[in-house]
Amino acid sequence: MPELPEVETVLRGIQPHIEQQCIKNVVVRQYTLRWPIPRDLKQKLLGNVIIQVERRAKYLLLKTHTGTLILHLGMSGKLRIIEQHTKQQKHDHFDIEFDNQKTLRFNDPRRFGACLWVEENPLLHPLLKKLGPEPLHKDFSGKYLWQRAQNRKAPIKTFIINSQIVAGVGNIYAAEALFLAGIHPDTPAAILSLQQYNQLAKQIKSVLRQAIKRGGTTLKDFLNSNGEPGYFENQLKVYGRAGLPCKHCHSILKTMRIGQRASVFCEQCQQL
DNA sequence: AATCGCGCCTGACGGC
DNA sequence: TGCCGTCAGGCGCGAT
66 MPELPEVETV LRGIQPHIEQ QCIKNVVVRQ YTLRWPIPRD LKQKLLGNVI IQVERRAKYL
126 LLKTHTGTLI LHLGMSGKLR IIEQHTKQQK HDHFDIEFDN QKTLRFNDPR RFGACLWVEE
186 NPLLHPLLKK LGPEPLHKDF SGKYLWQRAQ NRKAPIKTFI INSQIVAGVG NIYAAEALFL
246 AGIHPDTPAA ILSLQQYNQL AKQIKSVLRQ AIKRGGTTLK DFLNSNGEPG YFENQLKVYG
306 RAGLPCKHCH SILKTMRIGQ RASVFCEQCQ QL
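First residue of the first sequence: 66, per the numbering used here; consecutive thereafter.
Read the hints as simulated data drawn from the structure, not as lab findings. Hints may contain errors.
Claimed, not checked - FRET-style restraints, in silico, Cβ to Cβ:
(1) T97 <-> S316: 43 to 53 Å
(2) H315 <-> Y96: 25 to 35 Å
(3) M321 <-> T97: 26 to 36 Å
(4) H315 <-> P174: 34 to 44 Å
(5) K107 <-> T320: 41 to 51 Å
As the list claims (entries may be wrong) - Here are the simulated DSS-like cross-link-like pairs (lysine-lysine), alpha carbons at most 30 Å apart as the crow flies:
(6) K203 <-> K302
(7) K267 <-> K312
(8) K194 <-> K267
(9) K208 <-> K167
(10) K312 <-> K128
Glycine residues also receive a C-beta, built at the ideal position from the N, C-alpha and C atoms.
I would like the entire structure built from these sequences, with the hints used as guidance.
Here it is as structure tokens:
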């Protein structure tokens, strides 16, 4: 499930193949993703050049002179760079073909992903305009989190996967950062100290940087733009390890549902 | 304003 | 073998 490090990995993989390249064809096979792919996508993209590829939260922004293609991988989306005329597989929903003979192909079994076209500033799009700060940016800090947490009754786990608080942190890295910070995931956000938030912000940054360095986490189905897995999963301390011994204290890791999501934690290392 | 729960969707897996 | 229920989950949305 792609979170910020996986999306960043995809960005770095596709960027050198598509930046400054002209789009010579677009093939859409499945228009119904999370939101419909615009019917006139081909018309909008044809002859256009991708001038820059950026990431905001888990969104990829492919900028052209006339507008921006906003892509989201949802739960199971994959973007691959392939040679043209590579045989299509199940759930290959659209292709963008370039003059350099490369094709950007989007595959998404669960179809929670998105492909949108905007002609105005993409950061002002309703999906992006309310996003909180990028966690790796310097304006994301313990003090910021602590200030936003005042009067919040939601569990800290729910608080940090809220994209309006901080962008791009999902279930995997929230669980990991809370473990590393020694904070129980069910703690009400408002009762944590500034000191704890400083530690949490530090660990969020650290775990995201480490994961990017290793090309992301492959648990079920994440593959980068070359079709290769990420190598962060063996670094995971708690996510996906319920029932196994804690790597730190060896007590058995527990799981609970917080905000409809499985949350793995260590009762010894993360006390309420 | 904050929070809750639903729905979208497919594949994997366990039980019978 | 096959069928059915459950789970996984990012994230917007409507209801409270």
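Tell me, which hint numbers fail for this structure? Numbers 2, 9, 10, in rising order.
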